[in-house]
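Chains as they are written, first to last, in the working numbering: chain L, 47 to 235; chain Z, 47 to 235; chain S, 47 to 235; chain X, 47 to 235.
Be a bit skeptical, because a hint or two may be false.
Pairs of lysine-lysine, DSBU-like flavour, derived with a Cα cap of 35 Å [claimed, not checked]: (1) Lys75/L with Lys173/L; (2) Lys75/L with Lys120/L; (3) Lys52/L with Lys90/S; (4) Lys117/L with Lys184/Z.
Partial list, derived from the structure: chain L residues whose beta carbon lies under 8 Å from chain Z [unchecked claim]: (5) Asp60; (6) Leu67; (7) Ser82; (8) Asn86; (9) Val99; (10) Glu111; (11) Leu148; (12) Phe149; (13) Ile152; (14) Ile155; (15) Phe167; (16) Ile182; (17) Glu189.
Which residues of chain Z face chain L? A partial, calculated answer using Cβ under 7 Å [unchecked claim]: (18) Ser51; (19) Lys52; (20) Val66; (21) Phe139; (22) Phe202.
For the record, the hints were derived by calculation from the structure and aren't laboratory data.
Fair warning: this is a prediction, and the values are worked out from it, not measured in the lab.
A virtual CB, placed ideally from N, CA and C, is assigned to each residue, including glycine.
Number of protein chains: 4
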Amino acid sequence: MFKNSKSRFDSISDGIFAVVLTIMVLNIKVPQSVSSSSINQLIKEILIYLTSVGVVSQYWFFHQEMFNAVKKIKNHIMILNMCFLTTVSLIPFATAWLNDNLFSRITVITFALVLAVANFFQYLMFKLILSDCPQINKHDLEEKRSALIMLIGSFFYLIIGGIFPPVLLILVILSLFIRSSVAHIIRHF
Amino acid sequence: MFKNSKSRFDSISDGIFAVVLTIMVLNIKVPQSVSSSSINQLIKEILIYLTSVGVVSQYWFFHQEMFNAVKKIKNHIMILNMCFLTTVSLIPFATAWLNDNLFSRITVITFALVLAVANFFQYLMFKLILSDCPQINKHDLEEKRSALIMLIGSFFYLIIGGIFPPVLLILVILSLFIRSSVAHIIRHF
Amino acid sequence: MFKNSKSRFDSISDGIFAVVLTIMVLNIKVPQSVSSSSINQLIKEILIYLTSVGVVSQYWFFHQEMFNAVKKIKNHIMILNMCFLTTVSLIPFATAWLNDNLFSRITVITFALVLAVANFFQYLMFKLILSDCPQINKHDLEEKRSALIMLIGSFFYLIIGGIFPPVLLILVILSLFIRSSVAHIIRHF
Amino acid sequence: MFKNSKSRFDSISDGIFAVVLTIMVLNIKVPQSVSSSSINQLIKEILIYLTSVGVVSQYWFFHQEMFNAVKKIKNHIMILNMCFLTTVSLIPFATAWLNDNLFSRITVITFALVLAVANFFQYLMFKLILSDCPQINKHDLEEKRSALIMLIGSFFYLIIGGIFPPVLLILVILSLFIRSSVAHIIRHF
């Protein structure tokens, strides 16, 4: 009688993504004055917020695509998914720390590390799901390759972020746009 | 195998709307005393809260109507929807700032700007969904026109809010009632 | 093409209930010491939390029962439901204020007023749904009568809370148990 | 017409689990400096966070398995489930207190007590669901036995935590791994 439920799996994942995406807005502090320094701080916080939301949205985007055709969720996928979602839940914390010390080595490395671990779990899930699937089309392999590129890219973030901390955020934003455009171009040609 | 899921799309949208609608209550600060000034401040915060909740509820109302008949979500709608939801997620911040400085030009303009951007994404989604749809009835066109009126109205807010900041909140409240009543009247005649 | 969606209606309602039920835990402040006064304060906060959770759970319980058989949600029910959920969303604030001033007249009256408004919207929804429904059984009428008793009871709270503030919480707790037991007894005889 | 809805039951449960799992991240405070003492504090907070997330995830895991085959939710299961979810909602508070005083007897006992009460409600639900179910297989009985072992184990936590507070967290982490591995081994032999 007892078995894993696909609809509950979707539901908890979307619930966690939805809360993560919205509680990050609590990191944007209300400016105490309208001096140019507090407005600059606000703009910086909004940019970091938008970047983090972009990153988490991308994870959600892949997640819903990946699990759309899966009918039965095995136990190890359940556990992996929880590890993935827990790592994603750490993004609001990593973002809050980044807000306070944008150019500090340790905050940048923490942010990059959280992304690297999330990318690792994401790639593992892609791999396991595809290995269980009888029919794989070209688009599926593309998405798996995307997940692999994200994983490799995140180690690259870690190294760059460790050497030139201020560059990380720009890299993350660039990679968001590059991935979307590349995917767009590939799909249309 | 991998493709976009309509049910996950609905689920993340409702999750984000639900969190946005409820975390705004955290902006209502518990009064430290029962002096008449702190009670006035409380009443002001509750009124702003109710206005923001009204605005976000209206977005949700349109959103569920708009996507009810859509069966397949294309990638560009997925991305537009995330942009729309991210803008809606900024409403709690804009509201918190408005709470602190109700009559300040910059907070009023920020609030109006967030609404304008959300209205823009909303109108774009209405347009794209209707352009993909084979059968359009009178009510659909009405809703699209409503979204356009909201978009134009929000530029009006921006200008009025920039010139007479204190008027914005009254405009937003009025427009909530006017839209509902107009829609009600149109439906019944 | 555009029309109201029952599944989205359920989904936003459950989302809001879920966030309301869980953010109230943030009102329980971590004690700064283990002196007997801070432990007493903690126990008081936990009791108030449990009472508020009980009240909100009861609203949810009625809500899911009431809308289970409804297939199409009309516009006025949509709007009434949002008004109801917004009032329920104010319960965390009313609870937080009660935490700080348990025996103050104004906090007790605010708490009772929020419940009264929620009970009013709840009763209105019960009435409208039943008036649209062709077949009504005995249990449905019982539930509508329950909603009416809750509404009348809440005016009673308002009066009692205004005269003897400390009695309100006891009344609310008692009524939670009485309703459950009465419903239980009625169902079994 | 009015009756309990299984889909709303699933939906509120997942919503509450999702918010509980994500608001615990707010307990991880952003370090004010990069001194080794604040980094140590941060690592400790992240470890406690991961442990609590592990505990709540396990509850969710059992919950979705347990209710997957249940089609109709009776009133007493509805009430028991709300009691269970309310207890789970107290875990973020218990975790926040543990963060501040990791080795204090009272915080450790509170944490263990919350787990014990949750385990008690969980076991009761397993028992009631199985007693209503016509066909029970070996795996179902295993899961019920697991819930019983968790319940007995939590009394053990209470005693050990009362005598040697610092040991509790290690016990909780160990039991997470032991349960998963034992379940894994049983399933494969």
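Against the structure, the hints come out as follows:
no., hint, verdict
1, Lys75/L with Lys173/L, "40 Å, violated"
2, Lys75/L with Lys120/L, "42 Å, violated"
3, Lys52/L with Lys90/S, "40 Å, violated"
4, Lys117/L with Lys184/Z, "39 Å, violated"
5, Asp60, "4 Å, holds"
6, Leu67, "6 Å, holds"
7, Ser82, "11 Å, violated"
8, Asn86, "13 Å, violated"
9, Val99, "5 Å, holds"
10, Glu111, "5 Å, holds"
11, Leu148, "19 Å, violated"
12, Phe149, "24 Å, violated"
13, Ile152, "27 Å, violated"
14, Ile155, "26 Å, violated"
15, Phe167, "17 Å, violated"
16, Ile182, "6 Å, holds"
17, Glu189, "5 Å, holds"
18, Ser51, "4 Å, holds"
19, Lys52, "9 Å, violated"
20, Val66, "6 Å, holds"
21, Phe139, "5 Å, holds"
22, Phe202, "24 Å, violated"
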